[in-house]
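Peer 1: Here are the chains, one letter per residue:
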Amino acid sequence: MKKLIPYFFLLPLLLLILLFYIIPAVSTIYISTTDMGRSLRGDLVGVKNFARMFSMEDPVIGRVLINTVVYLFGALAITIGGGLVLANATFSLGGKTGGFFRLIWFLPRATPPVVWAFLWIWAFDPTKFGLLNMIFRNVGLAERSWMSLYPMLIVILANGILGIPYTMTILSAALGNIPTEVVEAAKIDGASGWQTILKIKIPLIWWPLSFLTIWHTLAYLTTFQYILMITGGGPFYASTPLALYTYQKAFQNMELGYGSALALVLILLSVIIIFAFRKLLGVQRET
Amino acid sequence: MVVAKWNKIVLGIILLMLTLPLLFLYVWLIFNSISGKPLYSLFPDQISLQSWIKLFGKLPEASGMPASVFPILGNTVLVAGGVMILNLLICGLAGYAISRLHFKGKEMLLSSLLVMKAFPLLILLIATYFVLFYMRLLNTFFSVILARTAMELVMGTWIIKGFFDNVPKEIEESGIIDGASWLTLWRKIMIPLVRPGLFAVAIMAFIGGWSDFIFVYTFIFDQSKWTLSVFLYSLIASQESVDYSFLATVSIFYMLPTLMLYGLAQKGLTRGVLGGGIK
Chain A
1 MKKLIPYFFL
11 LPLLLLILLF
21 YIIPAVSTIY
31 ISTTDMGRSL
41 RGDLVGVKNF
51 ARMFSMEDPV
61 IGRVLINTVV
71 YLFGALAITI
81 GGGLVLANAT
91 FSLGGKTGGF
101 FRLIWFLPRA
111 TPPVVWAFLW
121 IWAFDPTKFG
131 LLNMIFRNVG
141 LAERSWMSLY
151 PMLIVILANG
161 ILGIPYTMTI
171 LSAALGNIPT
181 EVVEAAKIDG
191 ASGWQTILKI
201 KIPLIWWPLS
211 FLTIWHTLAY
221 LTTFQYILMI
231 TGGGPFYAST
241 PLALYTYQKA
251 FQNMELGYGS
261 ALALVLILLS
271 VIIIFAFRKL
281 LGVQRET
Chain B
1001 MVVAKWNKIV
1011 LGIILLMLTL
1021 PLLFLYVWLI
1031 FNSISGKPLY
1041 SLFPDQISLQ
1051 SWIKLFGKLP
1061 EASGMPASVF
1071 PILGNTVLVA
1081 GGVMILNLLI
1091 CGLAGYAISR
1101 LHFKGKEMLL
1111 SSLLVMKAFP
1121 LLILLIATYF
1131 VLFYMRLLNT
1141 FFSVILARTA
1151 MELVMGTWII
1161 KGFFDNVPKE
1171 IEESGIIDGA
1181 SWLTLWRKIM
1191 IPLVRPGLFA
1201 VAIMAFIGGW
1211 SDFIFVYTFI
1221 FDQSKWTLSV
1231 FLYSLIASQE
1241 SVDYSFLATV
1251 SIFYMLPTLM
1261 LYGLAQKGLT
1271 RGVLGGGIK
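Each protein sequence line maps, in turn, to chains A and B. Going by this note's numbering, the letters in the first sequence line up with residues 1 to 287, in that order. Going by this note's numbering, the letters in the second sequence line up with residues 1001 to 1279, in that order.
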């Protein structure tokens, strides 16, 4: 009886892990080998879904893969670069001014996803009500239909900037942990501002910096909801990375089998990344 | 010294230029909502609460849109509250067991939790849909509440475990000597001691449920079960008469609770995360 007590405490947790992690993970493998559609019942088709993917039988998959890489590196550059710049700048300013800027840059994180997407849709609205078009008109330039001109750039910006609050907060804390003597000593030795940042500060915050990079790699590889809301992946797949393509296939074309096969690729990629960088991600326990 | 001061001013100006566009997005949101009509210019030429009256009164008629915002608000509170309560219960129970009790498979559970912390749950969405279908939970609030709880609980359990780790062993032992049963010990003695952690977890879970979009959008089919997120998205996506003043008003109305909770939680969260053992 006494031995069972811990399991009473753990039961709800284990139940949800089973229902939402383990069973879905196994089901993904199963569904990916079927031709499951709208009815959620499917016949086994073996590796047909994977063959469709790898033999380029799917006419847009090449484009989707290129999009995935462009989107991943674009958003990553903005999140990490932006976070680094803002953390450094607000840290150097210090005091209330630095705190004020950090507060503003925290806003995206406290904004619900739909509102964040809305701000971008609105800013780049092709009609006269769009924010950017309003500014363009006021300085005498022609209005443009931004969403069809630069869809990829817009979703990269929207997602990349959304990551900044997190990187900024963590990197600010990391910068705060650098002993002031180290930076002072470098200055006395005649290091310029840039040299201090590149040669002293960045090496000292290398660990959190790599953690954030891997963390966001996983995030940008797998999340799609902002792109879904902002451009819907269009026009004609121009802003569709693999994660969104998976969702579109499964829930818009109702091809759950093929969608799962695509999802499985992402799951495998994520698992490989997690295990390759398990130390960095804190997955390996220090015992 | 003079150079350092000039450096700071230049830095401040660069920072301001980077921040202004972001800040302006939010300011323009407020301007639009209080001008009663969509703006063509930077600043509102009139102040009108027209859009707010519209939001709380009968909603503008459009095909497939609900007639009043209040049932949608109720649904959103229900989902967020459900996620919060379920998370508190699960994390409070599991965090205690992991921190304090001995059981078989503890090492395995700990390492799985660590992997799950990094694992992006959304890639299992298709299979989750499939599982929920067979549990006959699709198109119910439960589907969203459970899925969202599953998403939040790894971090929550980790935070609460950290708080329990910091409770001195003697307190628990004195309870055992006093003859309290294990459930009483947990409920009456241990839980009150980790209240700041529970507070942080509660707020995080509530915000998670409140802001959820993709689960509601994917698992819910009836308009009567919409939450504010899907309502706002449907308004944006609907092709009939996009009224940005009204959309801005809905956005602010939807966003205010999360902003306030974030403000409220800052202290608790910082302490929670520090105590939760992110190393």
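Since the hints were derived computationally from the structure, they do not count as laboratory data. Keep in mind that this is a model prediction, so the values were computed, not measured. Be aware that a few hints might be false.
Think about it this way: if two alpha-carbon atoms lie no more than 25 Å apart in a straight line, the pair counts; the simulated BS3-like pairs of lysine-lysine are [to be verified]:
1. B:Lys1008 <-> A:Lys96
2. B:Lys1104 <-> B:Lys1169
3. B:Lys1225 <-> B:Lys1054
4. A:Lys128 <-> B:Lys1169
Here are some, though not all, of the chain A residues that point toward chain B, as calculated from beta-carbon distances under 10 Å [claimed, not checked]:
5. Phe20
6. Pro108
7. Met152
8. Phe236
9. Ala238
10. Tyr247
11. Ala250
12. Ile272
The beta carbon of each residue, even a glycine, is placed where N, CA and C say it ideally should be.
Peer 1: Next, verify each hint and record whether it holds.
Peer 2: Checked hints:
1. Taking the CA atoms of lysine 1008 of chain B and lysine 96 of chain A, the gap is near 13 Å; set against the 25 Å cutoff, the hint holds.
2. A distance of roughly 21 Å separates the Cα atoms of lysine 1104 of chain B and lysine 1169 of chain B; the hinted pair therefore holds under the 25 Å criterion.
3. For the given pair, lysine 1225 of chain B sits about 21 Å from lysine 1054 of chain B by alpha-carbon distance, which is consistent with the 25 Å threshold.
4. Taken as a hint, the lysine 128 of chain A and lysine 1169 of chain B pair is broken in the structure, with Cα atoms around 66 Å apart against an allowance of 25 Å.
5. Residue-level restraint check for phenylalanine 20 of chain A holds (minimum Cβ-Cβ distance to chain B is 4 Å; threshold 10 Å).
6. A least Cβ separation of about 7 Å between proline 108 of chain A and chain B falls short of the 10 Å threshold, and the interface hint therefore holds.
7. Taking 10 Å as the C-beta contact cut-off toward chain B, the hint placing methionine 152 of chain A at the interface is violated, the least distance being around 19 Å.
8. Checking phenylalanine 236 of chain A against chain B by beta carbon gives a least distance of about 18 Å; that is not within 10 Å, so the hint is violated.
9. A cut of 10 Å between beta carbons decides the hint on alanine 238 of chain A: the least distance to chain B is about 19 Å, and the hint is violated.
10. Annotation: interface hint on tyrosine 247 of chain A holds; nearest CB of chain B at approximately 7 Å, less than 10 Å.
11. Hint status for alanine 250 of chain A: holds, given a least beta-carbon distance of 5 Å to chain B, under 10 Å.
12. The interface hint given for isoleucine 272 of chain A is broken, as the beta carbon of that residue sits about 12 Å from the closest beta carbon of chain B, more than 10 Å.
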